[in-house]
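Chemist: If you want the building blocks of each chain, they are given just below.
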Amino acid sequence: MRKPIAAVGATVLALSMGATNGGLAQAQRGAAPRMPAAQTTSAYNGPRTPDRKPDLNGIWQVLNSAHWNIEAHSASEGIPAGFSVVEGGTIPYQPWALAKRNENFQNRLIADPIRKCYLPGVPRATYLPFPFEITQTPKHIAVAYEFAHATRTIFLDGTAHLEDLDFWMGDARGKWDGDILVVDTVSLGDKTWFDEAGNFHSDALKVTERFTPIDATHLNYEATIDDAKVFTRPWTMSMIVYRRLEKDLELLDYECAEHVYEKLFKKPGGKP
Amino acid sequence: MLAMSAIGSAQDAPAAPPGGRGGAPTAGYPPYARPTTTFVPPKTPDGQPDISGLYLAIPLPRGIETPLVPLANRSPNRANSEFSFSINERPKLPEGAIARPVGVDPPDGKIPLTPEALARRKEIIANQEKIEYLDGRVLCLSTGVPRSTIPAPVVGYQIFQKPGAVVIFYEQNHLYRTIPTDGRAPLDPNIRKAMGVSRGHWEGNVLVVEVTNFTNNLGNNWVIGAISATPGVPAESLTTGHGIPHSDQYKVTERYTPIDASTIHYEAKLEDPKVFTQPWTIAYYAFARAPKDYVPVEYACFEGNDKNLLLMTNTDISGIRVNVP
Numbered sequence: 000m001r002k003p004i005a006a007v008g009a010t011v012l013a014l015s016m017g018a019t020n021g022g023l024a025q026a027q028r029g030a031a032p033r034m035p036a037a038q039t040t041s042a043y044n045g046p047r048t049p050d051r052k053p054d055l056n057g058i059w060q061v062l063n064s065a066h067w068n069i070e071a072h073s074a075s076e077g078i079p080a081g082f083s084v085v086e087g088g089t090i091p092y093q094p095w096a097l098a099k100r101n102e103n104f105q106n107r108l109i110a111d112p113i114r115k116c117y118l119p120g121v122p123r124a125t126y127l128p129f130p131f132e133i134t135q136t137p138k139h140i141a142v143a144y145e146f147a148h149a150t151r152t153i154f155l156d157g158t159a160h161l162e163d164l165d166f167w168m169g170d171a172r173g174k175w176d177g178d179i180l181v182v183d184t185v186s187l188g189d190k191t192w193f194d195e196a197g198n199f200h201s202d203a204l205k206v207t208e209r210f211t212p213i214d215a216t217h218l219n220y221e222a223t224i225d226d227a228k229v230f231t232r233p234w235t236m237s238m239i240v241y242r243r244l245e246k247d248l249e250l251l252d253y254e255c256a257e258h259v260y261e262k263l264f265k266k267p268g269g270k271p
Numbered sequence: 000m001l002a003m004s005a006i007g008s009a010q011d012a013p014a015a016p017p018g019g020r021g022g023a024p025t026a027g028y029p030p031y032a033r034p035t036t037t038f039v040p041p042k043t044p045d046g047q048p049d050i051s052g053l054y055l056a057i058p059l060p061r062g063i064e065t066p067l068v069p070l071a072n073r074s075p076n077r078a079n080s081e082f083s084f085s086i087n088e089r090p091k092l093p094e095g096a097i098a099r100p101v102g103v104d105p106p107d108g109k110i111p112l113t114p115e116a117l118a119r120r121k122e123i124i125a126n127q128e129k130i131e132y133l134d135g136r137v138l139c140l141s142t143g144v145p146r147s148t149i150p151a152p153v154v155g156y157q158i159f160q161k162p163g164a165v166v167i168f169y170e171q172n173h174l175y176r177t178i179p180t181d182g183r184a185p186l187d188p189n190i191r192k193a194m195g196v197s198r199g200h201w202e203g204n205v206l207v208v209e210v211t212n213f214t215n216n217l218g219n220n221w222v223i224g225a226i227s228a229t230p231g232v233p234a235e236s237l238t239t240g241h242g243i244p245h246s247d248q249y250k251v252t253e254r255y256t257p258i259d260a261s262t263i264h265y266e267a268k269l270e271d272p273k274v275f276t277q278p279w280t281i282a283y284y285a286f287a288r289a290p291k292d293y294v295p296v297e298y299a300c301f302e303g304n305d306k307n308l309l310l311m312t313n314t315d316i317s318g319i320r321v322n323v324p
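These protein sequence lines map, in sequence, to chains G and U.
The C-terminal residue of the first sequence carries number 271 in numbering that gives the first Met the number 0, and the numbering is unbroken.
The C-terminal residue of the second sequence carries number 324 in numbering that gives the first Met the number 0, and the numbering is unbroken.
Simulated from the structure, these hints should not be mistaken for laboratory data.
Check each hint, because a few of them may be wrong.
To be verified - Subject to a maximum C-alpha distance of 25 Å in a straight line, what follows is the list of computed SDA-like cross-link-like pairs (lysine to any residue):
hint, chain 1, residue 1, chain 2, residue 2
1, G, K246, U, K109
2, G, K190, G, D54
3, G, K265, U, G182
4, G, K190, U, I190
5, G, K262, G, L155
6, G, K265, U, R191
Claimed, not checked - Sample of chain U residues with no beta-carbon within 10 Å of chain G, all distances over it, derived:
hint, residue
7, L117
8, I124
9, S141
10, Q160
11, R191
12, N219
13, P295
From a predicted model like this one, the values you see are computed outputs, not experimental measurements.
Ideal Cβ positions, reconstructed from N, Cα and C, are used throughout, including at glycine.
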């Protein structure tokens, strides 16, 4: 990644200062010099698993408005305003793709795949307004999402990708780079969006995520989006993931498909 | 209590004739006894019996309930259509294990439905062409417990363990359960989950899980289920689990018993005073460790199922949108 640790500091700083999007960009430009690789300099001093990796077990959630729009946006009815989570502020679309995104935006209440209860894809699953639970073993990061009981199994066992397939949540293989969990996801298909605003990708999408533990209760999350069919260059979004600390918390349900049938069966004569 | 005493008698006195509710005893099978084993699984770093790993469902030799013909008269590899799947090497029963019907209590293997539940079942079977009466699994709803543990066309089960919890990822419809083993309190009964709310503890090497708080907002969440009622077989025969939705009082007690390094035996006691006249129990060898080259893949059920439902029930759901917060 281009500047993993520097981005952590900049984002934390910008959020804590309540900075505007311009302020965020400025903070990133003026961020501390890039730090060397994490193996030698990890500042993480939180809990570790028996195999000495940062212990990510637990329930986590993102607190931002990226689910509605990963770019900077003002509030609209029911939707909070938000900073851009995209490094540099704007997604580098090819011209045709920007036009397609704008069309998606106009049709979003019908066309957003989430509203059809389809699996949210990667990286959108991370920043849905729902918690997710990580179960960590030496060979897996198993992620269970409260939304639509989506799951990902990130294999850390060195096995190869299932390439050229079409999975909603992709095929994820990860490795530890020092204390940073790096996950490559392929075979994501072309049917998911990045947000409700119509930001999209093609079946050429490859996502590289970096989960950088800051301390016991915060991760910096970065997702680099590589899709030469849609964008002029790879680009990265970043945000903080917060550990949910409520005692005896557990994931609940947003069984999206149930709500489809509830609507259907409530039609006249529909309820058995 | 009836259920447990019946199981106990089966264990204590294998030669005793099966009791039951007056139905015919299950012909040709010894009474059910919980399997005993000297196997001691390894321990996780935090001291739980380690049953983690990737497993495949062991095919059931027949349907959930009383067999219509003794097992010996059927091809040993024949699987009920609900429970068939295709992989090159089918998981096998452990050495010396006896294949038998999975309904073990009451001993006649029949599901003890209340008259109201039987009437409801007849209604469901009579209206199968309507989407409102379809099997929740066909609708791609979460299949609940114990149904998610019954072999289906997609058969992988990943069991993970971490301090204070056992986590199961089902390959079928990307279902999952987190089973806390940290002694936490039950959830408020106002919170419902499609897979129920699980509370587990270890009895020796056996994982015992009580599951309550099941979703009850749709009538399509059946406790056992089959894709369809067997043609020509009347509803009273209870030859499949088709068409038995649970009520808000549904409770399941599961026992996961590691038999050897590769096999887990499963038992589930089902209780629901609004649906069953007494608790009843199913038991079978459920999981065998997957071959090394088995890769669990995504089973995205609901996505694209609208075409299927259109064909089956002439109902178009493709225009329905739901609010996501």
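Chemist: Hint by hint, say whether it matches the structure.
Modeler: Do the hints match the structure? See the list:
In summary, the hint linking K246 (chain G) to K109 (chain U) is not supported, as the alpha carbons are separated by about 43 Å, beyond the 25 Å threshold. Among the hinted pairs, K190 (chain G) with D54 (chain G) is inconsistent with the structure: their alpha-carbon atoms are about 33 Å apart, more than 25 Å. Restraint check for K265 (chain G) and G182 (chain U): not satisfied, since their Cα atoms lie roughly 39 Å apart, outside the 25 Å limit. Proposed proximity of K190 (chain G) and I190 (chain U) is contradicted: the alpha carbons are some 32 Å apart, above 25 Å.
Distance check on the hinted pair: K262 (chain G) and L155 (chain G) sit about 41 Å apart at the alpha-carbon level, beyond 25 Å; violated. As the CA atoms of K265 (chain G) and R191 (chain U) are separated by approximately 20 Å, the hinted pair is consistent with the 25 Å bound. The Cβ of L117 (chain U) lies farther than 10 Å from every Cβ of chain G, with a closest approach of about 16 Å, so its non-interface assignment holds. No beta-carbon of chain G is positioned within 10 Å of the beta-carbon of I124 (chain U); the least distance is around 13 Å.
Consistency note on S141 (chain U): stated as away from chain G, yet its beta-carbon is not over 10 Å from all of that chain's, at 6 Å minimum. With a least beta-carbon separation of about 8 Å from chain G, Q160 (chain U) fails to lie farther than 10 Å from that chain, contradicting its non-interface assignment. Non-interface call for R191 (chain U) relative to chain G: violated, since the shortest CB-CB distance, roughly 7 Å, does not exceed 10 Å. A Cβ of chain G approaches the Cβ of N219 (chain U) within 10 Å, the least distance being about 7 Å, so the stated non-interface status is violated.
Once the 10 Å rule is applied to beta carbons, P295 (chain U) is inconsistent with being away from chain G; the minimum gap is 7 Å.
Hint compliance for this structure: hints 1, 2, 3, 4, 5, 9, 10, 11, 12 and 13 are broken, all remaining hints hold.
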